[in-house]
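S.K.: Sequence:
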Amino acid sequence: MPHQPAQERGGADRSRGHRAVSNLNEKPSLIALAGNPNTGKTSLFNRLTDTHQRVGNYPGITVDRHSGNFELPKAGKIEVLDIPGNYSLSARSAEEQIAIGALSGLPPYPTPDVVVLVVDATQLARNLYLALQVIELEQPAVVALNMVDMLDGEGRAVSPRALEQVLGVPVIATNAREGDGLEELKAALDRVLAQPKTGTPGARWAHEDPLLQADLQAVHQALPASWRDGRAHREEALAAWALLSLGDDDELQHVPDELREAVAHRRRLAAGSGRDIDEQLIAARYEWIDRHVAAATRIPSRASAWSERVDALLLHPVVGFAALILIMGFLFQTLFTWSGPLIDWIDGRFGGVNTWIVTVLPEGAWRSFLTEGLIAGTGAVLVFLPQIMLLFGLLGLMEDSGYMSRVAFLMDRVMRMIGLHGRAFIPMLSGYACAIPAVMATRTMERRRDRLLTMMVVPLISCAARLPVYTLVIGALFPAGKGTGWIDVQGLLLVAMYLFSTVIALVAAGVLARTLIQGPSVPLILELPPYRLPQARVVGRMVLQKGGVFVTEAGTVILACTIGLWLLSDYPGLSDARAAPLDARLAALEQTEPDPAIRAVAAREIQHERSALQREHSWAGKLGRTIEPAIAPLGFDWKIGVGLIGSLAAREVFVATMVVVYGAGGEGEGAAVSALRKKMREERRSDGEPLYTPLVGLSLLVFFALACQCLSTVAVVKRETGTWRWPAFMLGYMTILAWVASFAVYQGGMALGFH
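Position one of the sequence shown corresponds to residue 1 (my numbering), numbered consecutively onward.
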């Protein structure tokens with residue numbers, strides 16, 4: 001990871017202020033936003049950039065790059081980069097490697113003109129560790145002393161002026177959640193950008209061990225020429241970074257072998273003399289922090305005492321788990337009860353559109369495509385949008401309140417018992433929304449073994465795309481109403497499916513951790529943010545963003561799949577021999593039934609028979625019948641088989657596929673999902689018995705809970721692992737697991753007399 005020399009950094013060291021003020025046509029100044037997790041950094045980023053944001057990728061890596069723009073009165077247009085949150089610059093994982101590169105200007109990253117260090121005023125000592133590392137790199141910096149509102153009424157306040165004198169950089173008090181201090185921060189940035197200096201030189205150290213000094217000097221001498229720019233303190237900071245970061249298990253690239261050998265040699269010498277270099281380097285900075293800002297770190301504990309009392313309950317191994325189960329139960333009960341009116345409204349709107357199309361267009365392929373394909377298929381997914389957005393909203397409330405970190409901490413003991421890293425709970429929790437970002441979230445883990453194990457089990461977590469299938473099957477085949485007291489039967493079954501998928505994911509992780517993906521577990525290091533009142537603006541922004549992504553991605557997939565499925569379901573069409581008896585019955589009906597109402601009902605029934613016969617002999621029907629022998633032991637017929645094939649594109653496509661296969665669009669009020677549920681309840685086997693029973697529904701729910709019906713997830717796992725071996729294994733073992741579990745449910749239920 002060679003360093004870009006000063007003379008090659010695009011003149012970054014030549015009068016930044018003159019460049020920004022005198023020539024507004026030049027490239028915007030670059031500001032990097034850095035800080036620990038849970039410091040309000042992203043809130044400050046949102047305040048600065050408002051809606052002028054974009055998401056890309058960092059060069060050569062798949063971590064999201066969040067950037068945006070805003071303007072300053074003097075410096076003009078500014079590009080601000082939101083660096084992934086880190087506790088230090090010591091680089092082991094992909095996100096930490098981005099931090100050192102983007103903050104110091106190591107290629108391929110441009111050198112930032114200013115670094116804004118977001119510091120949590122309530123956790124000053126811990127946050128200043130990262131700030132000191134950046135300042136020691138002699139990067140121009142401004143400290144945003146955030147969350148100062150949390151100190152109000154505590155009897156002591158952190159003095160920004162005192163910190164300025166200690167750190168040597170501007171310190172601005174802010175409250176990013178409310179926007180307080182934003183204008184003062186912009187004014188400070190304008191002043192720093194107008195100064196022709198590169199930063200505040202000088203080490204922030206408190207070490208007197210000559211052996212540690214010898215370690216630093218030896219590594220300093222091994223720094224490649226491309227890392228050197230003549231600033232001794234900066235080079236010493238890079239030497240300290242190398243001593244902390246380089247090791248046998250790091251994932252850093254472009255580091256010269258000579259530097260690695262020098263670090264390894266000094267570490268061997270230290271181990272031989274009983275010294276721990278990591279402990280010495282970390283303790284040296286904290287000793288400096290304690291010596292200079294000790295008073296500011298001693299915050300009266302009235303608020304923290306309240307927080308500790310709450311944590312004593314929510315983090316208790318028994319009470320905490322009971323509270324978690326109650327909270328998750330309330331969450332999923334809410335999904336059914338609160339979203340009902342909105343679902344009915346959307347359902348009615350799509351039904352109205354379909355009814356209108358039926359009245360204005362003649363019968364034929366075009367009307368069939370619109371009613372049974374495009375509109376019915378898309379509506380079958382959008383009708384579940386209220387539940388999906390409600391799920392995102394409730395998870396956002398948990399995250400913004402500070403409870404989500406407590407959940408991860410609470411689950412760490414369970415995770416380590418089965419071989420997972422405690423940090424794996426965050427991707428697994430994200431998996432309840434979508435497996436794709438959950439797989440990508442594994443990048444924050446340091447070891448490849450931990451990332452791989454988590455990726456293999458995350459798709460077992462019931463994601464939002466399974467929710468439309470769950471609600472379709474539960475709503476169609478299981479009775480609504482109260483079971484015990486206020487508990488809704490359908491909501492209880494939905495909670496059970498989520499708990500079932502979670503337990504299976506943990507069991508699968510335990511098996512894989514002891515067989516194919518073995519390795520020692522490492523402890524979880526996680527900061528517990530203070531409890532806060534969730535902000536509607538923050539949660540609302542997240543809901544709209546994630547809901548918009550779901551609609552966009554689902555809409556694109558559904559449109560393509562629906563067109564293909566409509567073609568498969570409507571062609572090659574009924575032969576004249578098969579259509580003739582139905583046409584004859586229609587003609588006879590016109591002659592023999594004088595009552596228009598009765599004639600219309602009878603004609604509709606004949607059309608239903610024609611539609612079912614058409615789909616049975618279509619390409620889709622033939623495809624479903626091909627796989628029917630493999631799925632019949634699960635209680636599934638060829639129509640479900642067609643739905644399973646369609647859902648490989650995305651799980652929620654199952655609903656749209658079944659709508660098309662059953663021709664549920666344009667029925668009655670045109671409510672596709674309601675019509676599909678009705679058709680499923682009325683479907684009969686050849687012996688007259690119902691095809692879809694609660695037992696078949698339970699078998700289908702179990703299959704969807706465990707099967708990897710999402711090729712997008714397979715593609716993301718391939719991208720993250722760099723090979724097709726692991727995604728192929730994941731697809732195979734999940735499919736086998738789903739078939740075996742569904743087989744056990746259906747055949748076991750039949751043996752016990754359930755139907």
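What the hints contain is simulated information worked out from the structure, not anything from laboratory work.
Don't take every hint at face value.
[Stated by the list, open to error] SDA-like, lysine to any residue: derived pairs with alpha carbons at most 20 Å apart:
#, residue 1, residue 2
1, 186, 47
2, 74, 87
3, 186, 69
4, 678, 355
[Said to hold, decoys possible] So the derived label-pair ranges between C-beta atoms look like this:
#, residue 1, residue 2, range
5, 735, 619, 19 to 27 Å
6, 602, 622, 28 to 36 Å
7, 187, 532, 33 to 41 Å
8, 187, 344, 51 to 59 Å
9, 747, 594, 48 to 56 Å
10, 686, 747, 14 to 22 Å
11, 503, 576, 36 to 44 Å
Even for Gly, the Cβ is constructed at its ideal location relative to N, Cα and C.
S.K.: Each hint needs a verdict: does it hold in this structure or not?
M.R.: Do the hints match the structure? See the list:
A C-alpha spacing of about 11 Å is found between residue 186 and residue 47, which places the hinted pair at or below 20 Å, so the restraint holds. Proximity of residue 74 to residue 87 is assessed by CA-CA distance (about 33 Å); at most 20 Å being required, the pair is judged violated. A hinted pair counts as satisfied when its Cα atoms are at most 20 Å apart, and residue 186 with residue 69 qualifies at roughly 13 Å. Proposed proximity of residue 678 and residue 355 is supported: the alpha carbons are some 18 Å apart, at most 20 Å.
Between residue 735 and residue 619 the C-beta distance comes to about 23 Å, which sits within the given range of 19 to 27 Å. Remark: the range hint 28 to 36 Å for residue 602 to residue 622 is upheld by a beta-carbon distance near 30 Å. At roughly 27 Å, the beta carbons of residue 187 and residue 532 sit outside the given window of 33 to 41 Å. Between residue 187 and residue 344 the Cβ separation comes to about 52 Å, which falls inside the hinted range of 51 to 59 Å.
For the pair residue 747 and residue 594, the supplied restraint of 48 to 56 Å holds, since their beta-carbon distance comes to about 52 Å. Hint check: residue 686 to residue 747, Cβ distance near 20 Å, so the stated range 14 to 22 Å holds. Between residue 503 and residue 576 the Cβ separation comes to about 55 Å, which falls outside the hinted range of 36 to 44 Å.
Checked against the numbered hints given earlier, this structure breaks hints 2, 7, 11; the rest are met.
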